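Student: As a plain string of letters, each chain reads:
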Amino acid sequence: MIVILAKSGLQLLLLLLVAPLVTGIIRTLKARLQTRRGPGILQPYRDLFKLLRKGMVIPDTASWIFSAAPYMVFVTATLVGLMIPMIATDAPLSLFGGVLAVIYLLALGRFFLALGGLDTGSSFGGLGSSREMTISAIAEPAMMLAIFTVALGANSTNLSEMARSAVSQSWRFLAPSQMLAFSGLFIVLIAETGRIPVDNPATHLELTMIHEAMILEYSGPYLALLEWGASIKQLVLMTLLVNTFFPFSLSPNWTVSGLGLGLLFYLLKLLLLACCIVLVETTNAKMRLFRVPELLAVAFILGALALISTFIF
Amino acid sequence: MSFIHDPQFGDKMITLMAALVLVLQISMVGQRWLMTNIRIFALQSFLLAAIACTIAVFNHANHLYIAALLTLILKALVLPVILARLVERVGIPQEIEPLINVPLSILISGGLTLVGYVVAESFYHPEETSASAALGHNTLAIAIALFLIGFFTTLNRRKALTQVLGLLSMENGLFLAAISLMYGMPLVVELGIFFDVLLAVMVLGILVYRIGETFDSMDVSKLRRLRG
Numbered sequence: 015m016i017v018i019l020a021k022s023g024l025q026l027l028l029l030l031l032v033a034p035l036v037t038g039i040i041r042t043l044k045a046r047l048q049t050r051r052g053p054g055i056l057q058p059y060r061d062l063f064k065l066l067r068k069g070m071v072i073p074d075t076a077s078w079i080f081s082a083a084p085y086m087v088f089v090t091a092t093l094v095g096l097m098i099p100m101i102a103t104d105a106p107l108s109l110f111g112g113v114l115a116v117i118y119l120l121a122l123g124r125f126f127l128a129l130g131g132l133d134t135g136s137s138f139g140g141l142g143s144s145r146e147m148t149i150s151a152i153a154e155p156a157m158m159l160a161i162f163t164v165a166l167g168a169n170s171t172n173l174s175e176m177a178r179s180a181v182s183q184s185w186r187f188l189a190p191s192q193m194l195a196f197s198g199l200f201i202v203l204i205a206e207t208g209r210i211p212v213d214n215p216a217t218h219l220e221l222t223m224i225h226e227a228m229i230l231e232y233s234g235p236y237l238a239l240l241e242w243g244a245s246i247k248q249l250v251l252m253t254l255l256v257n258t259f260f261p262f263s264l265s266p267n268w269t270v271s272g273l274g275l276g277l278l279f280y281l282l283k284l285l286l287l288a289c290c291i292v293l294v295e296t297t298n299a300k301m302r303l304f305r306v307p308e309l310l311a312v313a314f315i316l317g318a319l320a321l322i323s324t325f326i327f
Numbered sequence: 007m008s009f010i011h012d013p014q015f016g017d018k019m020i021t022l023m024a025a026l027v028l029v030l031q032i033s034m035v036g037q038r039w040l041m042t043n044i045r046i047f048a049l050q051s052f053l054l055a056a057i058a059c060t061i062a063v064f065n066h067a068n069h070l071y072i073a074a075l076l077t078l079i080l081k082a083l084v085l086p087v088i089l090a091r092l093v094e095r096v097g098i099p100q101e102i103e104p105l106i107n108v109p110l111s112i113l114i115s116g117g118l119t120l121v122g123y124v125v126a127e128s129f130y131h132p133e134e135t136s137a138s139a140a141l142g143h144n145t146l147a148i149a150i151a152l153f154l155i156g157f158f159t160t161l162n163r164r165k166a167l168t169q170v171l172g173l174l175s176m177e178n179g180l181f182l183a184a185i186s187l188m189y190g191m192p193l194v195v196e197l198g199i200f201f202d203v204l205l206a207v208m209v210l211g212i213l214v215y216r217i218g219e220t221f222d223s224m225d226v227s228k229l230r231r232l233r234g
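Residue numbers (my numbering), protein chains in the order written: chain A, 15 to 327; chain B, 7 to 234.
I should point out that these hints are in silico values taken from the structure, not numbers from a laboratory. Here the structure is a predicted model, which means the values were calculated and not measured. Glycine included, every Cβ here is placed at the ideal spot set by N, Cα and C. Certain hints may be false.
Unchecked claim - Which residues of chain A face chain B? A few of them, derived with a C-beta cut under 7 Å, are:
#1 L27
#2 N172
#3 E175
#4 L188
#5 P190
#6 M193
#7 M301
#8 L303
#9 P307
#10 A311
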């Protein structure tokens, strides 16, 4: 019991601290690539700190759902973060559930976020919520197919079990099914974190925004929770991507030296993935909303092909 | 560098690159911009050259180096440049308008990939455990899928230039099947095919240019009436 608490505490700390950092690194790298100076990588921490100290404005039309949504988003993202392996192969809460629990906890957070957007009755919130739901309706099956491909290889839907079996098989990440699943999940990551071909995280232009439209009415600590929750969700999805497909360097046990090395490689992998995301964001233009399903259809087909090819090869 | 001599590693790399080629083919179906399509084709040909090179290294098939070099020069460099210049000269609109909408086309190409796997399955004999048999099984399916999707792309598009791209990716599928199943054809045949493709693109380029000049459009569905 104590051990699980200690493990959870460590991973929780890591999750809460690293998530804004990743957001900051992505923003800075993107600015540099566009020959802007950009804010420093610590800016998200300052933003969160500032928002947490500010007062809030809550619309008169809002019900309790408006206040519940930020907590739900934050808590589900953090809970999912404790269920996936970050630096060691066994995640602290791995007994709590497997891949399906992860996917549906994320869906629960998204559901409340959409409700929060709808709750105030403003037209922007409703618009953002409906767009978010449209996109996630296609992104979710694609994500499931891609992760099930890995789960099939490990004969288990438990993420820790999957990581353990992947560590023991060398060269497995070179199998075509893994590669197809990886490309599918990468597109899903771009869509779910609201990155550029799908959504622009840096704009409040009403014609294009999805995520920003839903949280438009929020301010102060609630906004801080939502922003923090969003960056934790982003970190969780990135971790899922790097650790299920490239799980080497995950520490097999919770010793200090193993964890140190695991942490070092984990941060390195995250940095590489962040570079990929920045490259995609900088080299692509924002898609028209009606074209987004086409992109997600590609992700879906890649996931389906990955799943089928594991049966054939 | 011990893994250079590990044939299992070579097989993994080849199937991986073949799968990447398939991903590129599907993204070509999902792409709407002509120039991006041409770039994807160049990347696909580059990967094919890499596959040929890997097969040559791991199976000591030295004549495949020449095929790899020819693929690299002709298909990954010369053809895309010719096509890009043609696009610039004809000045056609960049956006491809497929007959069947994009999500459905992507679903169809997924289905065609399945057909490729099913067809390749009938060539597969589990009792044959040699490395080349297993390798052929993996890549043959992808090669057939490439061929079918290329054929589908050719049918699905209105503009002459994009049909040429579909034709070229069909040829890529054939090349993949040839190098992975029998370590390439005799050099004379390969040379013949390469120059055939180059010539075909040039002739089609002139044809496309003429169509564009005569009809102010590249839409082949306008080529209905005979003119004296």
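Student: Give a verdict on every hint.
Tutor: Comparing the hints with the structure gives:
1. L27: It is violated, given that the least Cβ distance between L27 of chain A and chain B is near 37 Å, above 7 Å.
2. N172: violated (26 Å)
3. E175: Since chain B brings no Cβ nearer than about 23 Å to E175 of chain A, farther than 7 Å, the hint is violated.
4. L188: Where the cut-off is 7 Å and the nearest Cβ of chain B is about 4 Å from L188 of chain A, the hint holds.
5. P190: OK, holds: P190 of chain A within 7 Å of chain B, min 3 Å.
6. M193: holds (5 Å)
7. M301: Hint on M301 of chain A: violated, closest Cβ of chain B at ~10 Å, above 7 Å.
8. L303: violated (14 Å)
9. P307: holds (6 Å)
10. A311: holds (4 Å)
Violated hints, listed in ascending order, are 1, 2, 3, 7, 8; each of the other numbered hints is respected by the structure.
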